[in-house]
Amino acid sequence: MAAQSNNPPLLEVKNLRVEFPTRRGTLLAVDDVSFDIAPGEVLGVVGESGAGKSLTGNAIIGLLEPPGRIAGGEVRLEGRRIDNLPYEEMRKVRGARIGAIFQDPLTSLNPLYSVGRQLVETIQTHLSLSARAARARALDLLKEVGIPGAETRIDHYPHQFSGGMRQRVVIALALCAGPRLIVADEPTTALDVSIQAQIIALLKRLCRDHGTAVMLVTHDMGVIAETADRVAVMYAGRLAEIGPVRDVIKHAQHPYTKGLMGSIPSLGVRTDRLTQIDGAMPRLTEIPPGCAFNPRCAFVGKRCLVERPDLMSAGTSRAACWLHANGGVGAPIVKETVDA
Amino acid sequence: MPDGPMTGGARNFIEIHGLKRHFDVSAPWLVRQIEGKPRQIVQAVDGIDIAIAKGETFSLVGESGCGKSTVARLVVGLYPPTAGTIEFDGNDMAAKRSRTDMAALRRRMQMIFQDPFASLNPRWRVFDIIAEPIRAFGLSSGKADLEKRVGELLRQVRLTPADGRKFPHEFSGGQRQRISIARALASQPEFLVCDEPTSALDVSVQAQILNLMVDLQRRYGLTYLFISHNLAVVYHISTRVGVMYLGRLVEVAPTETLFRRPKHPYTRMLLDTIPDLDMTGRQRAPVAGEVPSPLDPPSGCSFHPRCPFANERCKVERPEALPIDGGTVACHAIEEGRLAVEERSYFAR
Chain A
481 MAAQSNNPPL
491 LEVKNLRVEF
501 PTRRGTLLAV
511 DDVSFDIAPG
521 EVLGVVGESG
531 AGKSLTGNAI
541 IGLLEPPGRI
551 AGGEVRLEGR
561 RIDNLPYEEM
571 RKVRGARIGA
581 IFQDPLTSLN
591 PLYSVGRQLV
601 ETIQTHLSLS
611 ARAARARALD
621 LLKEVGIPGA
631 ETRIDHYPHQ
641 FSGGMRQRVV
651 IALALCAGPR
661 LIVADEPTTA
671 LDVSIQAQII
681 ALLKRLCRDH
691 GTAVMLVTHD
701 MGVIAETADR
711 VAVMYAGRLA
721 EIGPVRDVIK
731 HAQHPYTKGL
741 MGSIPSLGVR
751 TDRLTQIDGA
761 MPRLTEIPPG
771 CAFNPRCAFV
781 GKRCLVERPD
791 LMSAGTSRAA
801 CWLHANGGVG
811 APIVKETVDA
Chain B
-4 MPDGPMTGGA
6 RNFIEIHGLK
16 RHFDVSAPWL
26 VRQIEGKPRQ
36 IVQAVDGIDI
46 AIAKGETFSL
56 VGESGCGKST
66 VARLVVGLYP
76 PTAGTIEFDG
86 NDMAAKRSRT
96 DMAALRRRMQ
106 MIFQDPFASL
116 NPRWRVFDII
126 AEPIRAFGLS
136 SGKADLEKRV
146 GELLRQVRLT
156 PADGRKFPHE
166 FSGGQRQRIS
176 IARALASQPE
186 FLVCDEPTSA
196 LDVSVQAQIL
206 NLMVDLQRRY
216 GLTYLFISHN
226 LAVVYHISTR
236 VGVMYLGRLV
246 EVAPTETLFR
256 RPKHPYTRML
266 LDTIPDLDMT
276 GRQRAPVAGE
286 VPSPLDPPSG
296 CSFHPRCPFA
306 NERCKVERPE
316 ALPIDGGTVA
326 CHAIEEGRLA
336 VEERSYFAR
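For the record, the sequence lines run as chains A and B. When we follow our numbering, the leftmost residue of the first sequence carries the number 481, and every step to the right adds one. When we follow our numbering, the leftmost residue of the second sequence carries the number -4, and every step to the right adds one.
Bear in mind the hints are in silico, worked out from the structure with no lab data behind them. Where is the CB? At the ideal position from N, CA and C, for every residue including glycine. Heads up, some of the hints might be wrong.
Output of the computed footprint for chain A on chain B, the stretches with three or more beta carbons under 8 Å from beta carbons of chain A [what the hints assert, rightly or not]: (1) 192 to 202; (2) 257 to 268.
On the chain B side, residues computed to face chain A include the following (Cβ under 10 Å) [said to hold, decoys possible]: (3) S59; (4) A227; (5) E251; (6) E285; (7) V286.
Work the whole structure out from these sequences, hints included.
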């Protein structure tokens, strides 16, 4: 964890738990997740569908879809708790202090209002500016996110923009009030690769210029690799590993991360077969006791079946794996036979 | 080979010549009359030549809207072509023939779709889904034989015969894609058209499916036409690759050549955009511009508005595909030698 001294983290998430009450019992979708983000840092959050990465993001911006709810832990932004704020209070934080970018730009924009009107409305909600000043700021933002002919485009409606241009508008919306943190949930998944590169470059440049921190939620390791400073890998609602992006990619410490990296086809070496993790991530109703990854793990030991590992230091990263207990001494090297 | 497209060397199993497919997307007649608008035609596929040898994997890559899925659908006969011919193992697919002869041809090609949630009938049990092609083509001699075959197919895709009693919703995305593959294999095809078979899947599941496809290809000598927008996946699985832009093939080359020595400016641009895990922190050169609307494609070379090497000739004259370095490239700059071919290196992870 970052030092609690003179450089406090911008965002602190501690033991966050998100649960969904259902008829068949309560499902724990995010289970005891802790991490923090420093000012200006880009934290990538990766995982496969259902790993809880989007829910973690939504919990932070206070947009959990009911019946989902935060069941424990706390979220602090600049030292102030924001997970238990009343709805109206949270609305002021959201937008002003935290911006959000979602996967589908079309659903983030109101089709009935011109983009200029939406930008002006958001700006005036959070900043006390006159209509004229707000419009000028909206125009500046559109220019900054690289919309050609911003002077005329400001009065156009979302359907008149292409997918990439819409996502630029959404980024402008997120930046309206100069937030300290942007939660970007799969911002490039709906876009073509060439547009994806443009959007990633834009997001990186803007955040560097404004000193905005980003929590980048995506399943695309490539996007993380070239954008993030640190990366958190989620599996079955838990953090499997967190560390500097290069170390996690090149020297993964958790067997799941290792398998995940190996399963991504790589340019340059044509292998006959990709590394394959057999099986699939367990459903939330069927998470095994101990380490959630134990049924698929090649290094599973007796302890993995009964006791859940916490994040422990592993190289330059931190991994939730018993292989790294006692500094790696207690590692079960040989796969022990497990009776199913 | 007289004037046919280039292939990997072996006899051509699939030969596509001058394939075109245009879609009429005009407003209704009355609206056109009132507003004085002309007809609008999308040239989704605008004259492409492909030859695929038996046992190879030919991939088509391109951004959305470039017409790659339309090619897949044309090849299996889901759309009739506007112009051009498709020959499958020497048979012209458009030729008139009897129902039984057509069925015999159709049996030999199958398709795997992108969305494993939409391509399986939710009301059918998995057994019936997989048994359907066997029944339709009359390939089984009785109930016991049918059960045996479906069981074998399920085992081949690493499921169990007992899974046949379940419904599609009881399976995960990856398992459903396995069911789609089992169904495609049920008629013992020789040629599989795979339209983005792994794009809806997570990477670890994608690896399982790609490995399975490679295993099956080796065991049955299958030929694949593989459609994808993911260049890393294409690099991994293909023998040869065709790059599409706005309904045309801009470059075709053996996989290694295409990735090491890309020639067409669009191919280079696409390769530049791959977020590569090994280049952590690297700056990608983002390319300006977006794919133009296929309703109103640019004149000459359709890539010229985005191309840094375009000149007057590119704006007026459509480039022809010319053979080079074991493949073909449709680019004036390459043809005139204005644009040098550079070697690219990648680092093994």
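Please count how many residues of the stretch 257 to 268 of chain B have a CB within 8 Å of a CB from chain A and say whether that reaches 3.
With 4 residues close enough to chain A, the hint holds.
Residue hint B:A227, partner chain A, criterion CB-CB below 10 Å
With a closest approach of 4 Å, the B:A227 hint holds.
Mind checking the CB of B:E251 against every CB in chain A and telling me if the closest is under 10 Å?
holds, 7 Å
Closest C-beta approach of B:V286 to chain A relative to 10 Å, hint status
holds, 7 Å
Should the hint that B:E285 touches chain A count as held when the rule is a Cβ pair under 10 Å?
Since the shortest Cβ distance to chain A is 6 Å, the answer is holds.
Restraint outcome when B:S59 is required to lie within 10 Å of chain A by C-beta distance:
holds, 6 Å
Under 8 Å between beta-carbons, do enough residues of the stretch 192 to 202 of chain B, three at least, approach chain A for the coverage claim to hold?
Holds: 6 residues of the stretch 192 to 202 of chain B have a Cβ under 8 Å from chain A.
In this structure, none of the earlier numbered hints is contradicted; all agree with it.
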